Structures are given as C-alpha cells and as structure tokens.
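6 protein chains.
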Amino acid sequence: MLKGPFLDRNWMGQNEDYASSDVVMLGMPFDGTVSYRSGSRFAPELIRLASWGMETYSPSSGKDLKEVSFHDAGDLDFPLGNTYKSLDLIRENVEQIYAEKKRFFGIGGEHLVTLPAIQAISKFYKDISVVHFDAHTDLRKEYLGEEMSHAAVMYHIGGIVGFENIKQIGIRSGMKEEFNLMKKYNTKLDFPEQLIKLTNKNVFVTVDLDVLDPSLMPGTGTPEAGGFTFNELMNWFKELRGLNIIGADVVELSPHYDSSGVSTAVAAKVIRELLMCM
Amino acid sequence: MLKGPFLDRNWMGQNEDYASSDVVMLGMPFDGTVSYRSGSRFAPELIRLASWGMETYSPSSGKDLKEVSFHDAGDLDFPLGNTYKSLDLIRENVEQIYAEKKRFFGIGGEHLVTLPAIQAISKFYKDISVVHFDAHTDLRKEYLGEEMSHAAVMYHIGGIVGFENIKQIGIRSGMKEEFNLMKKYNTKLDFPEQLIKLTNKNVFVTVDLDVLDPSLMPGTGTPEAGGFTFNELMNWFKELRGLNIIGADVVELSPHYDSSGVSTAVAAKVIRELLMCM
Amino acid sequence: MLKGPFLDRNWMGQNEDYASSDVVMLGMPFDGTVSYRSGSRFAPELIRLASWGMETYSPSSGKDLKEVSFHDAGDLDFPLGNTYKSLDLIRENVEQIYAEKKRFFGIGGEHLVTLPAIQAISKFYKDISVVHFDAHTDLRKEYLGEEMSHAAVMYHIGGIVGFENIKQIGIRSGMKEEFNLMKKYNTKLDFPEQLIKLTNKNVFVTVDLDVLDPSLMPGTGTPEAGGFTFNELMNWFKELRGLNIIGADVVELSPHYDSSGVSTAVAAKVIRELLMCM
Amino acid sequence: MLKGPFLDRNWMGQNEDYASSDVVMLGMPFDGTVSYRSGSRFAPELIRLASWGMETYSPSSGKDLKEVSFHDAGDLDFPLGNTYKSLDLIRENVEQIYAEKKRFFGIGGEHLVTLPAIQAISKFYKDISVVHFDAHTDLRKEYLGEEMSHAAVMYHIGGIVGFENIKQIGIRSGMKEEFNLMKKYNTKLDFPEQLIKLTNKNVFVTVDLDVLDPSLMPGTGTPEAGGFTFNELMNWFKELRGLNIIGADVVELSPHYDSSGVSTAVAAKVIRELLMCM
Amino acid sequence: MLKGPFLDRNWMGQNEDYASSDVVMLGMPFDGTVSYRSGSRFAPELIRLASWGMETYSPSSGKDLKEVSFHDAGDLDFPLGNTYKSLDLIRENVEQIYAEKKRFFGIGGEHLVTLPAIQAISKFYKDISVVHFDAHTDLRKEYLGEEMSHAAVMYHIGGIVGFENIKQIGIRSGMKEEFNLMKKYNTKLDFPEQLIKLTNKNVFVTVDLDVLDPSLMPGTGTPEAGGFTFNELMNWFKELRGLNIIGADVVELSPHYDSSGVSTAVAAKVIRELLMCM
Amino acid sequence: MLKGPFLDRNWMGQNEDYASSDVVMLGMPFDGTVSYRSGSRFAPELIRLASWGMETYSPSSGKDLKEVSFHDAGDLDFPLGNTYKSLDLIRENVEQIYAEKKRFFGIGGEHLVTLPAIQAISKFYKDISVVHFDAHTDLRKEYLGEEMSHAAVMYHIGGIVGFENIKQIGIRSGMKEEFNLMKKYNTKLDFPEQLIKLTNKNVFVTVDLDVLDPSLMPGTGTPEAGGFTFNELMNWFKELRGLNIIGADVVELSPHYDSSGVSTAVAAKVIRELLMCM
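Residue numbers (this note's numbering), protein chains in the order written: chain A, 43 to 320; chain B, 43 to 320; chain C, 43 to 320; chain D, 43 to 320; chain E, 43 to 320; chain F, 43 to 320.
Hints listed in this document are in silico derivations from the structure and should not be mistaken for laboratory results. A hint or two may mislead.
Identical chains blur together in the list; that is why a pair holds if it fits in one copy or across any two.
[To be verified] Cross-link-like lysine to any residue pairs, in silico, SDA-like; alpha carbons within 25 Å at most:
{"id": "1", "residue 1": "K168", "residue 2": "G200"}
{"id": "2", "residue 1": "K243", "residue 2": "G201"}
{"id": "3", "residue 1": "K243", "residue 2": "Y126"}
{"id": "4", "residue 1": "K127", "residue 2": "E184"}
{"id": "5", "residue 1": "K127", "residue 2": "D50"}
{"id": "6", "residue 1": "K143", "residue 2": "D130"}
Fair warning: this is a prediction, and the values are worked out from it, not measured in the lab.
All chains, please: the whole structure from these sequences, using the hints.
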C-alpha cells in the first residue's frame with residue numbers, strides 16, 4: 043500500500059470518527075427546483091475545498107474549529123431529476139443522525155433541502171423554532187404550480203413547526219401575500235437582541251447565503267441588493283451562541299457565478315462560524 | 043404618440059409581417075430537463091440581441107438575409123417547471139405554422155424542444171429525414187429515470203420518423219448502447235457529400251451548438267472537445283442547400299458560460315447561415 | 043396566426059397602453075462621448091431583460107410596480123456616431139411626452155442623455171430642481187475639448203435650471219474647480235432629510251449608477267470607491283417620495299463589466315424603486 | 043540615485059537606442075471611432091507587458107528577436123475625442139520615421155490608425171502594396187455617416203495606393219457592395235503562395251487581429267467565426283519573409299474581452315513573428 | 043451509521059480496491075517552482091470533480107473506462123514550500139507502486155513532478171523511452187538559477203534515460219540552445235506513425251496540457267498559440283495504444299484561468315483517453 | 043527623433059526629477075513566498091496604468107497629488123525565484139533613498155517586501171512605530187517551515203522595532219498564538235483616534251490591501267470577509283495626516299483575480315490617498 047501522506051479530502055478540522063462526533067455535516071447537492079440561476083448542486087464539494095484556505099481559529103468567537111466535534115459525512119447521492127426521492131433520502135439520513143443522538147449540519151444545495159431535515163427533526167424534538175436568514179420570504183404556497191419548491195420551503199416548514207415559530211432575518215424580497223403572512227405571524231426580527239426570546243426553544247438555524255449583500259455574495263441564484271455585510275451577519279451569530287441549537291444548514295451558493303472565488307470562501311467562513319455557535 | 047425612431051427589437055433582417063412570411067422563427071426558452079449546466083432558457087433573447095452585431099450579407103452563400111422571408115414570432119411563454127405543458131405549447135404552435143403552409147425555425151432552449159416540433163410536423167409531412175448535428179447521440183431511452191429528457195430526444199424522434207431516417211453528424215460522446223443503436227440503423231454521416239442521399243426527402247435540420255468545438259463554443263451545457271470548427275460546419279451547411287428543408291432548429295446555447303460573448307455571436311451566425319439554406 | 047402565449051418583452055409590470063399611462067419609460071442606448079470604459083449603450087435592453095427576475099412588489103415602499111402606470115416605449119434608434127442628432131432625437135421625444143401631459147423616465151446610456159431631457163422639460167416647467175446622484179460632479183465646462191460630454195452634463199444643466207437648483211448627492215470625485223463650483227452654489231446635500239427643502243419645486247431626479255459603491259456596481263464606466271450601499275441609496279429615495287417628481291432617469295450601467303450579472307440586477311431594482319417614488 | 047536594477051518597461055528585445063535602430067515601434071492607443079466593443083486603446087501597453095512572457099527565440103523562423111533592430115518609441119499621447127488631430131499626430135510621427143530612413147511598426151488601437159501611416163509612407167515610397175489580414179473588408183465609403191471610420195480604412199487606403207494594390211487575406215464579413223469591390227479589383231488572396239507576386243513591390247502589412255478565429259482571439263471588437271488558426275496565419279507570414287516590407291502594423295486587440303489573457307499573449311506573439319519578417 | 047447513499051468522491055470509474063488494480067492514479071498538487079501563472083496545485087481535485095461530467099465510454103477507442111483497472115489513490119500532501127521534500131514524497135510513493143507491480147498514472151501539478159516519477163521507475167525498468175507532449179522543450183539546465191524547475195524537467199530526465207530516448211511532440215517554444223539540443227539528439231517527432239519505432243521500448247508518456255492550443259486550453263500556466271486541436275492529440279494517442287506503456291502523467295492545468303470550465307473538462311477527457319491507451 | 047507627444051508611462055502626477063523629489067515610489071514585483079493565490083508580482087505595473095484613470099485632486103483631503111513631490115522610480119528587477127537576493131535588492135535601494143534624505147513609498151508585491159524596507163529605514167531612524175493595516179496578523183515565526191514568508195513579516199519586523207511599536211488595524215484572521223501575541227503587546231487599535239498616541243513617533247505605514255472587504259477587493263491573495271469599506275479606511279487615513287510618516291507601502295494586490303478592474307482602481311486610489319498623508 044502507498045504510505046502517502048495523502049491530503050485529507052474532508053472538511054477542514056472535522057472529526058474523522060462518526061461515532062464520537064456530536065455534529066454530523068451532510069452535503070446535499072440538490073438544485074432540482076431552481077428555475078433562475080442554478081448550480082447550487084456543485085456547492086458542497088467546492089465549499090469543502092475552500093475550507094482548507096481558512097484558519098481553524100476564529101478570532102470573533104475566540105474558539106477553534108477543532109473544539110466542535112463535527113464529522114463530515116460526505117454528500118448524498120441523489121437520483122438526479124427526482125425531487126421526491128431526493129427529499130426522502132435527506133429525511134431518512136437526518137432521522138438516523140438524531141436517532142444516534144447527534145445533530146445535523148446541512149450544506150446545500152437549494153433551500154428546499156431544509157424541509158425534509160425539519161420533518162425528520164420534528165420526530166425527535168417538540169417546540170422547535172426556526173431561525174431563518176434569507177433575502178426572500180420563501181413563504182409561497184406553491185411556485186410555478188409546484189408545491190415542492192425552494193420558494194415555498196418556509197411555508198411548508200410553517201405547517202410543521204407553526205408559523206409563529208419561524209423567525210426571519212434579512213428578508214427584503216417577496217410577494218405582498220408573503221409579507222402579509224409575515225406580519226400576521228410576526229415572524230420578522232429586526233435586531234440581534236431579539237433572539238434572546240428563543241432561549242427556551244429548540245432552535246434550528248437555516249442560512250440562505252443570499253441574506254448577505256450581493257457585493258460580497260454574487261455567487262447565488264437570486265442576488266438581492268440591500269443585504270447584510272459579513273459583520274452584520276456575525277452580530278446575529280453572536281446572539282445565537284446562547285441558544286439551544288439542535289441543527290442548522292447553509293444553502294444556495296451557486297459557484298458558477300463566483301468568478302473571483304470570494305463567494306465560496308465566504309460560504310466556508312459562514313459555516314465555520316455557525317459551527318462554533320453549536 | 044412618440045415618433046421615435048425606435049430600435050427594432052426583433053431578429054435582424056426579419057419580415058415584420060407574419061402573413062407574408064415563408065419561415066417562422068420561434069423562440070423556445072425552455073431548459074427544464076437539463077441537469078448539468080443549465081441556462082439555455084436565456085438564449086433566444088440574447089441571440090436576438092447579438093443578431094444586430096452581424097451583417098445581413100453572407101459571403102459564404104453570397105446571399106442576404108433579407109432574401110429569406112422569415113418572421114420572428116417572439117418567444118413562447120412557458121409554464122416554468124411543467125415539462126409536459128411546455129412541450130404541448132410548442133407542438134400546438136408548430137402545428138399552426140404548418141397549417142398556414144409556413145416552415146418552422148426554432149431557437150432553443152434545450153434539445154428536448156425538437157421533439158414536439160417533429161411531432162407537429164409529422165402530421166403534415168411523411169418521409170421525414172432528420173439531420174442531427176450534435177456532440178452527443180441523445181439516443182437514450184430515458185435519462186435519470188425520466189423519459190422526457192434532452193438526452194433522449196433523438197430516441198423519441200426515431201420512434202416517429204424511423205431510426206433509419208436519422209442522420210447524425212459530429213457525434214463524439216454517448217454510452218455504448220447508444221453507439222450500438224447508431225451502428226444498427228447506420229445513422230452516422232462522415233462526409234458532407236453523403237447528404238446528397240437525402241435529396242428526395244423532407245429534411246428537418248436540428249443543430250445542437252455543442253457540435254462545435256468548445257474552443258469556439260464554451261457557452262453550452264455539456265462542452266465536448268473534438269468538435270467542428272466553424273468552417274467545417276459551414277461545409278456541411280453548403281450541402282444542405284440543395285435539400286428540401288421543411289424545418290430547422292438551433293439549440294443548447296448557455297449564455298451564462300459565455301463570458302466573452304463569442305458563443306452567442308457564433309450562435310447568431312449559425313442561425314443566419316442555416317436560414318439561408320432554407 | 044400563432045396563439046402563443048408569448049413572453050412579454052417589455053419592462054416587467056408596464057402598462058401596455060401608451061395613451062392611458064402616466065409615466066413613459068424611454069431607453070436611450072447612447073454612449074458616444076464616453077472615453078474610458080464604454081458600453082452603456084447595451085444597458086437599456088439588458089436591464090429590461092433583468093427586470094423579469096424581480097418581484098413587482100417592493101417591501102421597502104409597500105407598493106407594487108403595477109400601481110405605477112408606466113409605459114415602456116422601447117429604445118430610441120440613434121444615428122450611431124452623431125452626438126448632436128442623437129441629442130435632438132431625445133429632446134424631440136421627451137417634448138412629445140410632456141406635450142401629452144405625461145412624465146419621462148429615461149434609461150441610459152451615458153449621462154449626457156439627461157441634457158436634452160432637461161432642455162425639453164424646461165419648456166413645460168419652470169422652477170425645476172435637479173436632484174443629482176453621482177460619484178462625479180460632471181461640472182466641467184468641457185472635457186477633452188468637447189462641450190457635449192458626459193463629464194459636462196451638469197454644467198450645461200446648470201445653465202438651464204440655475205446652478206443653485208442642482209442638488210448633488212454622493213459626489214466623491216472631480217477636479218478642484220468643480221468642487222469650488224459646488225461650494226459656490228451650495229449644491230451638495232449631506233443628509234436625506236435635506237431633500238425636504240425641495241417640497242415646492244418641480245423635481246427631476248437623475249441617478250448615475252456609479253453613486254453606488256463599486257463593490258455592488260462594478261459594471262459602470264468609472265467606478266469610484268467610497269460609494270453608497272444599496273440601503274443608503276434607498277434612504278435617500280424614501281425622502282424623494284414626498285416631492286413633486288416631474289421626471290427622472292437612471293444612467294451609466296456598463297453591462298460588459300458585469301460578469302456576475304449583479305450590477306444589471308441592481309440597476310433594474312433601482313429603477314423599480316425610483317418608479318415607485320413618482 | 044538608485045542603483046536598481048530596474049525592470050525594463052519597453053518591449054522585450056528592443057534596441058534601446060533610437061538612432062541605430064532600423065524599425066521603430068510606435069504605440070497608437072486610439073479607438074475613437076469604434077462603436078461596438080471598444081477598448082483597443084488599452085492594447086499597446088498591455089501587449090508590451092505580455093511581451094515579457096515570451097521567449098525572444100522563434101522556432102518557426104529560427105531567428106531571435108534580438109536580430110531585428112527595433113526600437114520601442116512608446117505610445118502617442120492623443121487628444122482623446124479628437125479624431126482628426128489624432129490622425130495628424132500619427133502621420134507626423136510616421137513621416138519623421140521615414141525621414142530618418144527607418145521603418146514603422148505600429149501597434150493599435152483601432153484599424154483607422156493605418157490610414158495616416160500609409161499617407162505618411164506614400165510620401166517616401168511609390169508602388170506600395172498593402173497586404174491586409176482581416177475578417178472584415180473595411181471597404182465602406184463611410185460608416186454611420188462618418189468617413190473617418192475603422193470600417194472605411196481600406197477604402198481610403200485604396201484611394202492612395204490604388205485598390206488593385208490591396209491584397210486581402212482572411213476576409214469573411216462585409217456588405218455585398220464591399221465584396222463586389224473586392225471582386226472588381228481582385229483584392230482577395232486565397233493561398234500564401236500568391237504573395238510571391240508582390241516580390242517587386244514595396245509592401246506594407248496590416249494585421250487586424252480578428253483575422254484569427256475568435257476561439258483564439260476573443261479579445262477583439264468584432265469577433266467573426268471562421269478565422270485562421272495561429273498556424274494558418276504563420277503559413278502566410280512565412281511567405282512574407284521574402285518580400286520587401288517597408289512597414290507594418292498590428293491592430294484591434296480589445297483587452298477588456300480577454301479574461302484569460304490568451305488574446306493578449308497571442309497578439310504579442312503575432313508581433314514578434316511579424317517583426318521577424320522585416 | 044448513515045446509510046446514504048453517498049456520492050463517490052474519487053475519479054469516475056476507478057477500481058476502489060488498490061490491491062487488485064493495475065494502474066494507480068496519484069494526484070500531485072505541487073506548483074512550487076512556477077513563476078508565471080501558478081495554481082496547478084488546485085488541478086487534481088478539480089479534474090476529479092469534472093471527471094463525473096463525462097461518460098465512461100470512449101467512442102474513439104471503443105472502450106469503457108471500467109475496462110481499465112485503475113485505482114485513485116488521492117492526492118499527496120506536500121510540505122508546501124519545500125521542493126526537495128515534495129519530490130522525495132513522489133519518488134517514494136511511485137517506487138512503492140512499482141514494487142507492487144502496478145503502474146503509475148500521475149496528475150499534476152506542475153511538470154517538475156515527472157522527474158521523481160522517472161527516477162523511481164528507472165529503478166524497475168531499463169530501456170525507457172519518454173514520450174513528451176508539450177508546447178515547451180523544458181530542456182534548460184536551470185531556470186532562474188534553480189536546477190529543480192519545471193522548465194528543466196526534461197533536461198534532468200534526459201540525464202536518466204538518455205536524451206536520445208526522449209521523443210518530443212508539439213514543441214513550439216524555447217531558447218535556441220534547447221532547440222539545438224533537440225536537433226542533436228533528434229528528439230522531435232512530426233507524425234504519429236513515428237511512434238511505432240518505440241514498439242520494443244518501455245514507454246513513459248508525459249502530457250503537458252499546454253500542448254493543446256490555448257483556444258481550447260486557456261487554463262494553463264504558459265499558453266502558447268499554435269498547439270494541437272483535441273483531435274490531433276487523439277491521433278497521436280491512437281498510435282500509443284500499441285506500445286508498452288509503463289507509466290504516464292498529465293500536468294499543468296491551472297484552473298484559475300479556466301473561467302468557462304472547458305479546460306478542466308478537457309483535462310479530464312485527456313486523462314480518460316490516456317488511461318485507455320494503457 | 044520623434045516629437046510625439048508620448049504618453050507618460052510613470053505614475054500619474056509624479057515628479058519626473060528624482061533629485062528634487064521628497065518621496066520615492068518603488069515598485070517591488072515580488073511574490074515568491076505566496077502559496078495560495080499568487081500574482082501580486084503583476085501589481086505595480088497594472089496599478090501604474092490604472093493611476094491614469096483617476097483625478098489628481100482628492101476631495102476628501104482637499105489636496106492635489108501634484109502637491110506631493112513624489113518620484114516614480116520604476117520597478118525593481120528581481121532574480122525570480124531567489125527570495126534572499128530579492129530582499130537584499132530592496133534593502134539596498136531603500137537605504138539609498140534615506141541616504142539621500144528622501145522617503146520611501148513602496149508598491150508590492152507580497153507583504154514580505156516590507157521587511158527589508160524596515161531593515162533599511164531602521165539604520166536611519168530610531169523610535170519607529172509601524173502602523174499595520176491588514177486582515178491577517180502576519181505574526182507567525184515561520185510559515186510552512188520557512189522563516190522568510192509573507193505570513194511572518196510582522197513577526198520579523200517586531201524583532202526590529204519592538205512588538206509594542208506595532209499597531210495593527212483591521213486584523214480578523216490568524217492562529218490563536220498570533221492573537222495571543224497581539225494581546226501581550228497590545229498591538230491592536232480599534233478606533234482611528236487612537237493613532238494620536240503616535241504623534242511623537244517616526245511612523246511607517248504598511249497597507250495590506252486585504253484589509254478592505256473582499257466585496258471591494260476580490261483581487262487579493264487571501265480574501266477575508268468582514269473587512270473595511272473604503273470610507274472606513276479613509277477615516278483611519280485622516281488620522282494619519284497629523285503623524286510624522288517616514289515611509290509607507292501598499293501591498294498584496296493580485297490582478298489576476300480582478301476581472302472587473304475595480305480592485306486595481308481601488309489600489310491606485312488607496313495609494314493616492316496615502317501619498318497625501320505624507
């Protein structure tokens with residue numbers, strides 16, 4: 043056999059041992075319902091590569107990635123073109139994660155991947171709040187006649203955890219009906235300090251990377267001007283640290299629109315910082 | 043009212059009057075079954091824009107685009123996400139074109155759009171031969187468990203016109219089964235002069251732009267090295283001029299992968315030259 | 043005839059009927075005096091395409107684009123290379139707009155297009171104030187020996203409406219003489235609230251997109267660091283809503299320098315928001 | 043004073059001494075009449091930079107650039123925006139070159155720069171043949187109502203040297219009238235060997251880089267498919283070696299459309315090879 | 043444990059089992075001596091990703107990749123910045139491959155990686171011929187005062203196998219001294235059929251991807267116009283099939299200069315075709 | 043001789059006369075120790091070119107570049123591949139600058155170039171404070187086993203001027219040990235006003251351009267999200283104006299990752315503004 047040494051091809055700083063890990067990172071290269079600028083299917087592997095360009099130490103949290111015991115399980119192999127079977131695969135694997143008393147950290151792929159994850163988690167946890175970072179409400183009942191759409195993901199999640207348990211941050215685009223729904227259920231958060239209300243909840247955090255301004259994150263499907271700077275996002279993350287985070291995901295990087303490589307590097311850093319909140 | 047003058051926003055050199063036109067150009071911005079690098083949905087409008095950067099005169103054919111009486115009908119408005127309804131719309135509109143004794147010139151979109159066009163035309167013409175320029179065989183029975191796929195379009199067309207009436211040019215990628223099918227039905231052409239055998243046929247020409255080498259045409263979904271130069275393609279087109287062409291289409295430009303604009307300009311020129319063969 | 047349905051190729055949310063519309067959108071694909079990075083001539087059509095990637099609803103204003111009755115008249119067909127005739131065409135068409143008691147909303151092209159628009163409007167309105175968003179003063183008497191230059195547009199406009207009626211926002215580049223002129227006439231505004239002074243004026247708003255920071259808007263002719271974020275620009279727009287806006291334009295997108303497509307998408311959104319101020 | 047050593051910022055392999063040089067290289071950063079994709083103004087300096095990435099030795103000619111005694115005079119400083127004065131500057135400087143019994147090697151800029159060069163040279167030489175490599179005929183009398191246009195450069199040159207003394211290579215785009223003019227004066231060459239007819243002529247060689255295929259040369263103003271490969275161009279250059287070349291230029295690189303840097307590197311290599319023909 | 047299924051992250055079509063494999067693919071992400079446009083260090087992983095966009099079946103050879111029993115061993119983990127230790131690591135691992143009676147298939151990285159491979163192989167084989175596809179001679183004794191340089195790799199290999207046993211294909215750039223060395227030892231091949239002379243040799247094939255024309259392969263460190271088309275390279279590969287190939291490598295892809303992704307896709311296809319020659 | 047006029051190819055606004063100048067600008071195209079995304083070697087010449095796209099007048103300082111008497115000495119010609127000799131060349135030339143009672147203004151290249159500059163200056167000045175703008179601490183003792191690395195530059199400078207005399211601004215990435223060192227010596231500044239403490243010091247200012255956010259400055263080797271906006275950097279520069287600045291440099295632009303040209307333009311503007319602080 044060859045002695046190498048060989049490059050580690052998993053996420054930088056991961057725990058190689060699944061059994062002893064607390065958090066399981068799962069890549070979900072699925073973009074089957076994206077109609078505008080697709081390609082988030084290529085994100086998990088390219089973020090993994092970019093992770094090796096970062097330090098493990100985070101000055102803002104004062105922690106090292108090695109302190110988080112997370113295992114990189116790799117990327118699911120979806121039956122391309124079959125949305126329902128793909129969602130089933132996610133659900134089954136996420137269920138297994140919680141059956142083994144671990145926590146899920148997903149990397150999309152498009153935003154619809156969050157739905158089966160919440161379906162799985164809701165079998166293990168009650169009283170779930172979903173903290174939703176996004177430029178878009180994603181509160182449509184359907185999109186282009188299709189229920190299972192990334193533009194409808196929060197609507198379906200609302201049906202599971204209750205709309206009043208969705209907390210939305212950074213939203214700046216949607217239809218009037220969606221904004222009415224936001225008002226009705228009071229889902230919008232305006233200041234990081236408001237997160238403190240979730241202290242006794244089981245919190246799932248879902249980050250659509252287009253919550254960041256397209257100046258920093260051009261590599262996403264539907265860039266919307268007026269988004270957060272990286273530091274603004276970090277201010278929200280700081281308040282997450284005190285919460286009971288039972289799972290999280292980061293979605294919607296489209297590497298084909300990231301010619302400078304900055305979007306992918308930023309995605310890796312967002313993941314590092316979110317891992318440190320867990 | 044404003045006097046303008048305003049820029050003509052249709053294809054350069056078109057006949058504004060549908061009724062008196064011989065050929066009807068129809069944009070089909072559909073890429074719903076593309077799994078790898080999508081975005082051909084944006085092609086018809088961007089090719090239209092690029093058409094204004096060309097001359098109407100073609101030195102190679104010695105003809106002017108104005109001599110071809112073609113009308114730019116615009117782009118169909120598809121129910122995004124619904125493949126079957128989209129194909130129906132194409133079929134209905136192409137039928138109407140032939141019902142009015144005109145000929146169809148389609149601009150994709152992905153290659154699957156050719157299927158409903160052939161279905162429509164086969165109601166008006168018998169003894170159809172399909173001249174197929176492509177890097178890929180597109181002869182799969184299904185792709186990713188889905189029958190209606192751009193990778194299966196020639197298989198379905200073979201079921202309509204007979205596989206022995208498909209003539210394939212430039213093919214250089216596919217599965218072994220597909221190449222066996224090619225051999226069985228002797229679909230492959232090697233030299234432009236072989237086109238002369240189709241003299242008494244009703245010929246439909248379908249051009250997947252990836253038949254060109256990716257050095258000239260990087261802006262396509264599945265670039266395959268080893269393709270034609272532009273002049274090699276023109277040598278084939280010269281032999282088309284003597285045939286009875288009853289319809290044609292040009293498909294699979296992906297403008298998002300065309301940072302220099304060359305692929306889009308080339309697509310416009312291929313269309314100009316193919317129009318002059320009709 | 044073909045039944046389609048066909049894609050609407052005009053600006054999203056426009057009123058198809060010129061007669062009943064209140065605002066007339068006019069594309070001015072002119073960049074004849076640009077010496078550095080040109081190509082704004084391609085902007086009107088590409089912004090129009092990008093408009094279809096937005097929602098009609100604007101969360102920040104709480105309004106829908108459909109509430110603004112604007113008609114997309116298309117793009118003027120300029121005699122390329124002839125600056126004076128091009129400016130004449132703009133002037134004549136804008137005059138016609140006001141003769142029909144409508145308001146002008148221009149899309150450049152380069153900034154010089156604003157001059158004939160103001161010339162036309164000044165025949166119908168007295169007491170005009172021009173609110174000028176830009177990175178550059180544009181207050182030169184001439185540029186490279188040429189009076190009719192995009193770098194001199196505000197100087198010429200000052201001659202029409204009076205320099206004291208120019209209000210400049212976001213300026214951060216120019217020659218010392220230009221800044222002296224700004225001080226002499228007190229043209230600079232520092233805070234959105236200062237716009238309230240224009241309450242009784244007839245206000246024309248001209249937005250050079252390089253007022254935005256080049257991090258968000260790389261696709262412009264002369265990018266200048268230190269510009270507004272999108273939200274900062276929106277804060278200024280909020281104060282515009284109370285004013286009597288008699289016309290507006292948005293200029294200087296250079297799509298060739300916008301490889302990610304973000305600049306063009308931002309331009310479309312700036313236009314949507316400015317339309318909602320009218 | 044600083045001892046350095048400092049990088050040589052002139053063309054690789056040049057003769058630093060003007061007086062003893064045989065060929066004078068003159069940069070002409072002018073693109074004032076270009077209406078489509080401009081920016082050739084940036085070419086001379088960027089080609090100069092790229093020249094340092096090449097070897098001085100040319101395997102195809104078996105010669106070294108150092109054997110050609112050429113001096114890089116730098117780039118003319120044009121009055122931007124003033125076409126006539128710019129052309130005057132070129133003419134005056136080129137006259138000076140020939141007054142000092144040297145030969146001119148120009149680097150554009152746009153193709154119109156060749157006209158004043160020919161005007162100057164025609165004062166010193168009779169019986170001039172112009173060997174014209176280009177995708178376009180450039181034989182219009184005017185373009186967009188403007189006589190002094192890059193699209194009319196060969197028409198004006200024909201008026202000086204006689205149309206029958208223009209020999210055109212690689213042409214594949216133009217209006218019917220232009221191609222008729224080509225036929226009338228028999229300007230077209232089809233094979234490199236035909237150049238031998240020019241043996242007793244005073245030959246000026248002008249290379250519009252779009253004669254190369256856009257697969258290799260996307261960085262040009264009006265890319266036209268169907269062009270030469272580099273080796274095909276070199277086959278023509280080989281036949282140039284036997285001729286009496288009294289001057290030459292290479293024009294129309296647009297570096298802004300050359301994201302990979304290949305077009306600029308190729309331009310530098312074309313110049314190196316053409317220098318070795320002199 | 044998670045059931046997945048998970049995406050295979052190794053080269054498409056590999057044999058997962060090292061022991062039973064005949065060929066061992068080894069990634070060598072090293073670009074430490076590259077001075078111009080570096081980044082070939084990122085090539086092995088990105089080619090691996092691109093391999094999944096290809097078919098396993100090769101129409102030109104009529105074979106399937108699965109018929110070649112090759113194992114993807116992953117990428118060596120080099121001590122970045124230490125050239126000598128990096129070369130040692132390659133040598134040790136390649137020795138191990140031959141000690142286990144397998145053959146080496148390397149993926150660079152820069153061209154210097156070929157040297158330790160040949161050093162290792164020469165311990166197991168006598169009478170080695172090296173078939174060298176490249177735009178550059180790589181025959182310098184040193185480069186920038188450094189012996190261990192990618193520009194000197196063939197010089198060092200000549201010292202091992204004998205210069206007369208180097209056969210060079212596609213060379214078109216170098217210093218005069220290098221071309222003299224080529225002539226002295228008659229290293230240059232002009233036609234694929236000349237490869238037949240190597241029938242009784244132990245052949246190592248090394249492919250610097252810049253042997254391909256930069257129109258197809260812009261993503262390389264030193265692009266040189268005048269290179270092979272893909273089909274020309276395949277014509278050479280066809281003649282390789284009859285030879286006794288004891289090892290091979292493919293080097294010098296620089297993914298950072300490959301904005302369209304075509305260079306990386308072509309690299310993967312070159313590797314597939316070369317594997318099928320073994 | 044040719045009369046020209048010729049374009050000035052030195053930095054815009056420079057004093058052509060070395061003897062009478064106060065500040066000497068020195069280009070240092072060295073990136074020999076960069077392991078990730080290199081190419082800063084190309085920065086000095088490309089920034090020089092971009093300088094001509096700016097005004098000489100700075101509205102924020104109210105000064106004109108012509109008021110600073112700086113001379114552009116050109117770029118050092120380094121023995122590529124030899125780090126120690128390259129550093130020696132810098133040191134010798136910078137010594138000469140101070141021997142002639144002038145001040146140094148360096149343009150990198152990578153950050154390691156600052157070390158020999160400080161070594162030279164420390165022979166002429168005592169009590170030096172180094173104001174260090176950067177995203178990274180650069181306080182490693184070694185990097186990849188190599189002492190002389192851009193990642194270790196501030197560690198070595200600390201050994202010369204004393205770590206307590208390093209003041210760091212904008213740092214947001216590094217290893218835990220580095221941040222501990224920062225705390226130990228209290229190197230971090232949080233507000234521009236803190237610079238006033240350096241009033242009686244001899245201040246050297248070193249700007250790693252990655253201190254700016256990658257949204258504005260994608261063209262750098264190791265982009266780190268969370269950086270300064272341009273205006274934030276200018277706020278720091280305002281406080282520099284009152285200090286006794288004895289030298290400065292601006293480093294780490296990587297033009298190959300700057301497809302829109304914005305990073306290079308910003309680099310030129312940072313240099314203009316820093317020159318005006320001197």
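Going down the list of hints, with the structure as the test:
{"no.": "1", "hint": "K168 <-> G200", "result": "within (14 Å within a copy, 55 Å between copies)"}
{"no.": "2", "hint": "K243 <-> G201", "result": "within (18 Å within a copy, 51 Å between copies)"}
{"no.": "3", "hint": "K243 <-> Y126", "result": "neither (30 Å within a copy, 45 Å between copies)"}
{"no.": "4", "hint": "K127 <-> E184", "result": "both (19 Å within a copy, 17 Å between copies)"}
{"no.": "5", "hint": "K127 <-> D50", "result": "between (31 Å within a copy, 19 Å between copies)"}
{"no.": "6", "hint": "K143 <-> D130", "result": "within (20 Å within a copy, 45 Å between copies)"}
Of the hints listed earlier, the one the structure fails to meet is number 3.
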